[in-house]
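Novice: Throw the hints in and build the complete structure from the sequences for me.
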Amino acid sequence: MSARVWLIFIIAALAPGQTTAPAILEAKCLACHGAAKMSDLDMRTRAAMLKGGTRGAALVPGKAGESLLYQAVRREGKLQMPPGSQPLTAEEIAIIGKWIDGGANMDSAAHQESNWWSFRPPKKPPIPNDETGWASNDLDRLLAAGLRKQGLRPAPPADKLTLLRRATFDLHGLPPAPEQIDAFGKDNAPGAWERLIDSLLASPAYGERWGRHWLDVVRYADTGGYETDVYFANAWRYRDYAIGSFNQDKPYNIFVQEQIAADEIWPDDLELEGSYELPERKRINLAKRIGTGLYTIGPMAAEYTFFGDQYRAEWQADAVETTGSAFLGLSFNCARCHDHKFDPIPQRDYYRLAAFFATSEDREVPIVSRMGIYEYTRYQTRLRIAEDLKAELARLEGEVRKRAASDRKNPQREDGPLPFTPEEKDRRETLLRKIGEAFYKAPKPYATANLLVPSERVHDTHVLVRGEWAQKSEKVTPGYPAVLNAGGAVEETQRRKALAQWITSADQPLLARVMVNRIWQGHFGQGLVATPNDFGRQGELPVHPELLDWLAVRFREEGYSIKQMHRLIMQSAAYRMSSMAVEANQKIDPRNQYFWRMNRRRLEAEAVRDAVLAASGTLNREAGGPAVVVPLSQEERLGMRDASQWPVSPDPAEHARRSVYLLVKRSFRLPMLEAFDAPDPAQSCARREEWTVAPQALALMNSAFTSTQADAMAASLRGLSPGEQVLQAFLRTLGRRPTEEERAKALAFVERNKLERFCLLLFNLSEFVYVD
Amino acid sequence: MSIDLNSRRAFLKGSGLGFGWMALQSLQAAARPAKRVIFLFMHGGPSHIETFDPKPLLNKLHGQPVPESFGDVQLQFSKFRESPILGCKRSFARHGKSGHEISDLFPHTARHADKLAVIRSMHHDGFTHTAALNWLNNGWPRLGRPSLGSWIVYGLGSESDSLPAFVVLLEGGIKSGPPVYSSGFLPAKYQGTVLRNGPAPVLNARRPVAMTEAEQRELFDTARWFNERHMEPRSDDTALAARIASYELAFRMQMAAPELADLSKETAATRALYGIDVEGTSDFGSRCLLARRLVERGVRFVQVWSGSTTGTSDWDGHKQCDTNHVQIAARVDKPVAGLLADLESRGLLKDTLVIWGGEFGRTPTSDGGMNGGGDSLGRDHNPYGFSIWMAGGGVRGGQLIGRTDEIGLRAVEHPVHVHDLHASILHMMGLDHEKLTYSFQGRDFRLTDVHGSTELARKLT
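Protein chains in written order, with the numbering used here: chain A, 1 to 772; chain B, 773 to 1233.
Simulated from the structure, these hints should not be mistaken for laboratory data. This one's a predicted model, so the numbers in the text were calculated from it and none came from an experiment. Beta carbons: idealized from backbone N, C-alpha and C, even for Gly. Any given hint might turn out to be false.
[As the list claims (entries may be wrong)] Covered by chain B, according to a simulated footprint, are these stretches of chain A (three or more residues, beta-carbon under 8 angstroms):
1. 233-243
2. 495-504
3. 638-644
4. 670-678
5. 682-689
6. 759-771
Specialist: So this is what it looks like as structure tokens:
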């Protein structure tokens, strides 16, 4: 199921200058002494090497000189390995010798290193004093101390309207409405800022914004990708679950537990009951269990995942990699094929994690009452009528095709129209109408959801050589990465429960750190750790480690309330800094790595589209439901495999829904969103890119979308005086009033051109797509 | 190779369009003959057996089971060991001084036999379209990797200031959709830009119908006026300057596009060369001619597709493979020959690498119709041995490289894996496939993963 980027081969093993013995063995020995077991020797595990082959044990741990393996690679005796003209290099031989002397541990050497900063539990640092009086809270005091160390000083505060626009985009992904601008501008009472934050957090638009951030992290899509591009008809339930969880301020640890193991932690049966409504208890339970839908929406190469074990290997790989990236901020991908070259994650740990999912499977389950099912099944006869009519039509067309094929005089082109007689044509049309009617009367299928459920049997999990499903090596049982904190015992039938509890346990060093870093990134455009999905050795180090730890501890203390973290961050002086450059700081830290100012950010793809709709007054705020499919021009659709897999939503009002509700198709990204760096849902996206390319200008300037929206915006401003039109248009798009100079320029433009053009112009301004 | 990721990121972000700037010192391309590529992609998988790799034994064994000695392979639809051998109806003749054996599907291309280096020993393991399309285009069977064209323009940049560096000319839908020309984890600017046939080839590069050119210019100029005022106090932010520049590029693209697409300015002789005014060859011919116009204008990588999921057909001959190939080959043969002749006469062939091939070849056995879409005269997918050819860009024509076994099942002599092909293409363009890397998720990625040999390039040039 996984299409995540992982290695097909062992980078470590094949790159020159290899440094670990297991990698050398894998590259140079396993082709013969792996599954092939030449001379009955299997070198895939330490145990198998100790057992040895026809020549006896290959290894004597601690004693290289006495080990047959070492003698063979040194090519001193009769046995010379590897055979042929390419012996191991002196360096490689030395590595193997040292490795045997050190005990011949198959786990990578880095395994022992649990001292890495992110693997240690976060500790609350002492709060330094801030003598400048800049700080509003402890977050500021920690940041100020960190800035001082670098010789940096915090930038001055931003003005009120800049803050309003910043906060509204941050929490809603939408521009502030003119009424909000007016109200906030006038509110000079103490606590205005706090009230604004609270009201923004209380709106359902908040969950739509932050739910979308989460969907990036969990590689959300409505289809499986590849040629088949399976349509996940229930994926939207998970999307709505994520949005709802943010809106409810569901404690993050619970949110994580639900996604990994709601069914095992809060068990209930899925047996059908109820008359016309599902019993309350089941509704509540199902709402949690939809979280496990996370593991039912990954990329899936349906057309070449033929074998049960292959499907399971792919599916479990996706589960491990998504779990690692999203919840632990560790990329396990590399360890699918080999011991992680840089991180202390041996390959075995990867498969031990995979084993947590070996007792589960994806199942589509009804989520209606027992009677709800019968309402459908009792009228299935109507579907049968439709199918019978379809068969009749096929028979008719078959006859005509057969007749045409035997007509030598008028050879039938394969793609040409069939030569129906007038009677046949009538008959066909009647059938088509009847089919239509029959489908129209057919019962609506009952609602279902895709959930994780216990699988019929416990699947064995093996370490897979080079990650290939058929290359089974050592069998493993569920286990936690040894380098992290210890976890509890794993019950055979409740494996995911153990995993969820381990990931969310109080001594888990990563859970809170990784999430507060994501929240920070959502406000500052960059995390304190600049690589939010990689807290390992290949990732960046935190710029203010004490601040990150303090936030992580606070997060836990606040009961993992994400909304509390927004308040904490947004009420800080740090958040309210201006995004303008300060020359002295600029010299020391031009890229603002240390957060001496707010980062200017370009709107993400969805926010660009949503802002256009909001400014035009056309935005449809309806929430939730199946994925919306917007119309595409023939030009835009080019390259798509099959237009029938792009079923445009018939109600035009739907086309103005928020972008988070649009169909995410793995084999075809919406051109408008793609131009603005919408992520490829083949894998978890930790952070959006902000590239600047010409197709963005073309999309904003010339697309049917922006033209239509500009027209709508102009229409909504009709009847106002030109001056008022310019003012309102400015407020809606840029969140501020025009300066005198701008106003004059705008009025002159409107006079020469139409108001529509002016609205289009505003969509094309840097200020429209950037937030200070 | 070590490039400071952060400084490069900042650089990339700031530059916005940055044509030709990617030739960073550490990536400095070696001077090599191939400056650009035209990849003629035969979508669906053309049969090597019916085209460039004659297998007389198949006619002798027609209808019989595959001899035991050939073992078994995994196929998508049919079961190899249970499928009878399918003979080939094409006749082959030797062409040119080189004596390349080319089937009668390509009478026009055959006249250029001595320009072609035919590789009969291509192979990979992706027996489904998506895996195979991804292999050929992305060097990896799964989703998420940048395409060959993206890597090349990432490495070499563009020579055009008004056209994208990587252009894709489609006939219609692709079986696996746009990921085959996506930039994967490389910046979006390296993505293939799809151009359409007709007067508006670039998406959105046509001003709204109701707008005059002067009105649009005023719109651009007014936007610039506002954007410059916005940038003034933010002059440290290079992205804002890049954004302003990107509007100028967009305007130039929009101006250049109609001229580019206007094939009517070409002489009648040129149009005839590509078969543009003849129904069967008009579509592919127009795209081949457009490809020449693109490389002439400095576009680095052009991929021209034959066959689609939404058009007339593709090369996926599960059913009546021979008939299918007769029909579709007739649509591409003359245009391909026209392209080679035209490039040569304009002096472009010497530094334009032309590649012809599809995602895989086809089986020596009958498809049998296991999936409902095939029949006993069709052939299933065969990624284990298939043919492509290359010409121009320093390629020594007339060579034959590699061999498949007696039934055309597997590459057996000088096998060329897709990684080797990619490594060699990069090599011929002056790029070192081991050094052209991009750091993503904690790892330096390459087009060729950890594989690839440039031996093919050495043979070819």
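Novice: For this structure, which hints from the list above don't hold up?
Specialist: 1, 2
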